[in-house]
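Engineer: For reference, the chains in residue letters:
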Amino acid sequence: MATQVATSFYNRLADEFETKHQFTQDTAASDRLTQLRNNAFSIFRAKGFPSIKEEDWRFTNLVPFLDLSFDVHPAGIDTDSLQQAINEQKIPGLDTYQLVLVNGSIRMDLSDLPTEDLVTVQPLRNIINESFFIDHISNNSHVGVNALVALNTAFFSDGYFVEVKKNSVLDKPLLILHLYTSDKDAFFQPRHFIVVNRNAKAEIIERSAGIKDETVTLTNSVLELLIQENAHLVHHTIQSHNNNERWLHYNHVDQQRSSRYDNFTCTLPGADLVRNNLEISLNGTATETHLYGLYLVADHQLTDNHTAIQHLHPSCQSNELYKGVIMDTGKAVFNGKVFVAQDAQQTNAYQQNNNLLLSDKAQVYAKPQLEIFADDVKCSHGCTIGQFNPESLFYLRSRGISETAARKLLVEAFAFDVTEKIDNEAVKQYVQQLIYSKLSSASVRA
Amino acid sequence: MLTIKNLHANIDGKEILKGIDLQVNAGEVHAIMGPNGSGKSSLASVLAGRENYEVTEGEVWLDGKNVLDMKPEERAREGIFLAFQYPVEIPGVSNINFLKTALSEIREYHNLPPLTAKEFLKLTKEKQQLVEFDAKLANRSLNEGFSGGEKKRNEIFQLAMLEPKLNILDETDSGLDIDALRIVSNGVNKLRAANNAFVLITHYQRLLEYIVPDVVHVLYDGKIVKSGTKELALELEERGYDWLKEETPVHASSTQ
Numbered sequence: 001m002a003t004q005v006a007t008s009f010y011n012r013l014a015d016e017f018e019t020k021h022q023f024t025q026d027t028a029a030s031d032r033l034t035q036l037r038n039n040a041f042s043i044f045r046a047k048g049f050p051s052i053k054e055e056d057w058r059f060t061n062l063v064p065f066l067d068l069s070f071d072v073h074p075a076g077i078d079t080d081s082l083q084q085a086i087n088e089q090k091i092p093g094l095d096t097y098q099l100v101l102v103n104g105s106i107r108m109d110l111s112d113l114p115t116e117d118l119v120t121v122q123p124l125r126n127i128i129n130e131s132f133f134i135d136h137i138s139n140n141s142h143v144g145v146n147a148l149v150a151l152n153t154a155f156f157s158d159g160y161f162v163e164v165k166k167n168s169v170l171d172k173p174l175l176i177l178h179l180y181t182s183d184k185d186a187f188f189q190p191r192h193f194i195v196v197n198r199n200a201k202a203e204i205i206e207r208s209a210g211i212k213d214e215t216v217t218l219t220n221s222v223l224e225l226l227i228q229e230n231a232h233l234v235h236h237t238i239q240s241h242n243n244n245e246r247w248l249h250y251n252h253v254d255q256q257r258s259s260r261y262d263n264f265t266c267t268l269p270g271a272d273l274v275r276n277n278l279e280i281s282l283n284g285t286a287t288e289t290h291l292y293g294l295y296l297v298a299d300h301q302l303t304d305n306h307t308a309i310q311h312l313h314p315s316c317q318s319n320e321l322y323k324g325v326i327m328d329t330g331k332a333v334f335n336g337k338v339f340v341a342q343d344a345q346q347t348n349a350y351q352q353n354n355n356l357l358l359s360d361k362a363q364v365y366a367k368p369q370l371e372i373f374a375d376d377v378k379c380s381h382g383c384t385i386g387q388f389n390p391e392s393l394f395y396l397r398s399r400g401i402s403e404t405a406a407r408k409l410l411v412e413a414f415a416f417d418v419t420e421k422i423d424n425e426a427v428k429q430y431v432q433q434l435i436y437s438k439l440s441s442a443s444v445r446a
Numbered sequence: 001m002l003t004i005k006n007l008h009a010n011i012d013g014k015e016i017l018k019g020i021d022l023q024v025n026a027g028e029v030h031a032i033m034g035p036n037g038s039g040k041s042s043l044a045s046v047l048a049g050r051e052n053y054e055v056t057e058g059e060v061w062l063d064g065k066n067v068l069d070m071k072p073e074e075r076a077r078e079g080i081f082l083a084f085q086y087p088v089e090i091p092g093v094s095n096i097n098f099l100k101t102a103l104s105e106i107r108e109y110h111n112l113p114p115l116t117a118k119e120f121l122k123l124t125k126e127k128q129q130l131v132e133f134d135a136k137l138a139n140r141s142l143n144e145g146f147s148g149g150e151k152k153r154n155e156i157f158q159l160a161m162l163e164p165k166l167n168i169l170d171e172t173d174s175g176l177d178i179d180a181l182r183i184v185s186n187g188v189n190k191l192r193a194a195n196n197a198f199v200l201i202t203h204y205q206r207l208l209e210y211i212v213p214d215v216v217h218v219l220y221d222g223k224i225v226k227s228g229t230k231e232l233a234l235e236l237e238e239r240g241y242d243w244l245k246e247e248t249p250v251h252a253s254s255t256q
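Line by line, the protein sequences are chains A and B. Just so it is clear: in the first sequence, position 241 is 241 by UniProt numbering, and no numbers are missing. Just so it is clear: in the second sequence, position 44 is 44 by UniProt numbering, and no numbers are missing.
Check each hint, because a few of them may be wrong.
Now the stretches of chain B that chain A is said to cover, found in silico as 3 or more residues with beta-carbon under 8 Å [what the hints assert, rightly or not]: (1) 41-52; (2) 63-73; (3) 84-94; (4) 228-238.
Below, a list of computed lysine to aspartate or glutamate pairs in the EDC-like style, where the Cα atoms sit at most 16 Å apart [claimed, not checked]: (5) A:Lys172 - A:Glu203; (6) A:Lys201 - A:Asp423; (7) B:Lys100 - B:Glu163; (8) B:Lys71 - A:Glu203; (9) B:Lys71 - A:Asp423; (10) B:Lys223 - B:Asp21.
The calculated label-pair distances, taken between Cβ atoms and stated as ranges, are [to be verified]: (11) B:Gly27 - A:Gln433: 43 to 49 Å; (12) B:Asp177 - A:Gln342: 52 to 58 Å; (13) A:Thr384 - B:Gly64: 28 to 34 Å; (14) B:Asp69 - A:Asp299: 29 to 35 Å; (15) B:Asn186 - A:Gln84: 57 to 63 Å; (16) A:Gln84 - B:Gly175: 39 to 45 Å; (17) A:Met108 - B:Lys136: 35 to 41 Å; (18) B:Asn66 - A:Glu54: 39 to 45 Å; (19) A:Glu391 - B:Asn97: 25 to 31 Å; (20) A:Ser437 - B:Asn66: 31 to 37 Å.
What the hints contain is simulated information worked out from the structure, not anything from laboratory work. Note that CB positions come from ideal geometry on N, CA and C, so glycine has one too.
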């Protein structure tokens, strides 16, 4: 129990689980689900919230973010502000389908979905007793090793289930908006599931927002993705938050043979805490995976990206590029693990992480981690931490560009390696514009 | 236009400029020559406002305004342009976007509205032709992957776009082949006007065959030790700098 974080929050969750347990029985949870939840909670009970004594949490101390008496049954949806929040989260100039969730549950009245021959969308609670779902989360979620996933598994009640039909190609992107609102400081634990069936192709853009500035939201979300044989998913996560928001995301991707998964994770300055766990299991041969990340961290914020790619079969390719800009007293963590199993011959795995520190007090902890057990592979990794080239800054200024504008240009330029990889032109421009507008003059000044 | 009085400057505590006096009038071209380490590039850097130089004494005036009080960007907006000896590569910043930003900041400083997209495009095309700068290069990242000659030509293209008053060319001719030298020189000659001035810093008399200077100065050990007409450049080409060193009393071992 040495790693247990002793917080009253932990104790309240333990009490809550007993009540919840009653509740799940009332709503006719299958024995398998009940057993899964009990199992998950006992893991969380034993491990507690992750502490800095755990390798994966060495640089991200959760304790300060658990300090409030979070309401675990949030109430008080502010309907008026929903539409405004939706408009704010839309991407200008981009025609999309739209799936809106409020406090983790689908709001069909605010959504605009593709036809059912292409994609089916339903509340996750509809399928939580289905064996295909329970099988999937039992096999894939790493409940046993990740206390936060275990906690989510013990408690989750809803989320979305999106299934892209076999052979279908989605004609425009699906924008998924997660909105959270509560009268009091609140804790949310949504659970989501995306299945892209054989030969299908889709582009999904996810955005999350807490609507009320005055209350603090802590969200521990788990998303599972299953990319079936020969399917292709382009998955964007654009995280442009406000303070008083604390986000813990765990995304697990199960890639089947010859599938392709492209992930773009852009985190802009704003939230107090963002921890993204992105785990990819390559469960078939000849898969292709691209992970592009960009994190801009300012003020007292903490952004932590943990990625893990498991090469388990031969002839798979993965390519990862994460770049970060850390300003003020911001702190960033990057941990990129690439695991190549003994059977995974002819693996190509590349990883690159570059960081730009813009102030004396900015911090970054970067750790590339390669574990290779096969002998016929091409793998590389690189990591840099640096500052502005003063010569570049002087060059721009000597042409009449103010120091602030010059610094912004250089940050944009640094981010360009990642943003240029975004194929969707409207998304690319939106992200570039967010970078420019979110860089406050104070932050870019050293 | 430019008046420099008794300018002294240090870098890392070491005195590099030891009392420079220079007067450049509108419409003139001045060449500054001198052996390696004499302070030519330092003078250019100090005028442009490079921050690792510390001015310890003296004055610099541009049309009645105190240059030394200004930040580098203010100097640029007032009309000082330094064509770099080693232009920096900045991947991810597009050449055109960079010029658009620079131009609108300069115009804003002078209370002028930004150019419309159409006006900017027209100006870009016109100046590209004037200095024979490839349109493909203009659309690439700033200097990224440019050859040495392309970088220097980009400096002249920027100069043409921003239309400064005082143009300082820091060894723009170094590393150029004959064709590139001719193109750069033609560009400069076309840009010469009654309301601007050029200061050419160079090692070689060759550049001055293409761009004929009104005055040639020799900088040695942080001071201007001789000024003359363009014939002085020819004499230097023939005789080197040693005869000047002998004529000039020097503090013990102060050259590099």
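Engineer: All the hints need checking, so say for each whether the structure fits it.
Structural biologist: Tested hints:
By the rule of at least three residues with a Cβ nearer than 8 Å to a Cβ of chain A, the coverage given for the region 41-52 of chain B holds, with 4 such residues. Counting residues of the region 63-73 of chain B whose CB falls under 8 Å from any CB of chain A gives 3; the rule of at least 3 is met. Beta-carbon proximity to chain A at under 8 Å applies to 7 residues in the region 84-94 of chain B; the threshold of 3 is reached and the given coverage holds. A stretch counts as covered by a chain when three or more of its residues have a beta carbon under 8 Å from one of that chain; for the region 228-238 of chain B and chain A the count is 0, and the coverage is violated.
Distance hint between Lys172 (chain A) and Glu203 (chain A) is fulfilled; the C-alpha atoms sit about 7 Å from each other, no more than 16 Å. For the given pair, Lys201 (chain A) sits about 14 Å from Asp423 (chain A) by alpha-carbon distance, which is consistent with the 16 Å threshold. As the CA atoms of Lys100 (chain B) and Glu163 (chain B) are separated by approximately 13 Å, the hinted pair is consistent with the 16 Å bound. Between Lys71 (chain B) and Glu203 (chain A), the direct Cα distance comes to roughly 47 Å. Violation of the 16 Å bound is thereby established for this hinted pair.
With a C-alpha separation of about 40 Å, the suggested pairing of Lys71 (chain B) with Asp423 (chain A) is violated against the 16 Å cut-off. Among the hinted pairs, Lys223 (chain B) with Asp21 (chain B) is consistent with the structure: their alpha-carbon atoms are about 8 Å apart, no more than 16 Å. Range check, Gly27 (chain B) to Gln433 (chain A): Cβ separation about 45 Å, and the 43 to 49 Å hint holds. The hinted window of 52 to 58 Å between Asp177 (chain B) and Gln342 (chain A) holds, with their beta carbons roughly 56 Å apart.
Against the hinted window of 28 to 34 Å, the Cβ-Cβ separation of Thr384 (chain A) and Gly64 (chain B) comes to about 47 Å, which falls outside the hint. Range check, Asp69 (chain B) to Asp299 (chain A): about 33 Å between beta-carbon atoms, so the 29 to 35 Å window is met. Here the CB-CB span from Asn186 (chain B) to Gln84 (chain A) is close to 59 Å, well matched to the stated 57 to 63 Å. Restraint check, Gln84 (chain A) to Gly175 (chain B): a C-beta distance of roughly 58 Å breaks the suggested window 39 to 45 Å.
The beta-carbon spacing between Met108 (chain A) and Lys136 (chain B), approximately 51 Å, falls outside the hinted interval of 35 to 41 Å. Between Asn66 (chain B) and Glu54 (chain A) the CB atoms are about 60 Å apart, so this pair departs from the stated range of 39 to 45 Å. Range check, Glu391 (chain A) to Asn97 (chain B): about 19 Å between beta-carbon atoms, so the 25 to 31 Å window is missed. Hint check: Ser437 (chain A) to Asn66 (chain B), Cβ distance near 36 Å, so the stated range 31 to 37 Å holds.
The earlier numbered hints that this structure contradicts are 4, 8, 9, 13, 16, 17, 18, 19.
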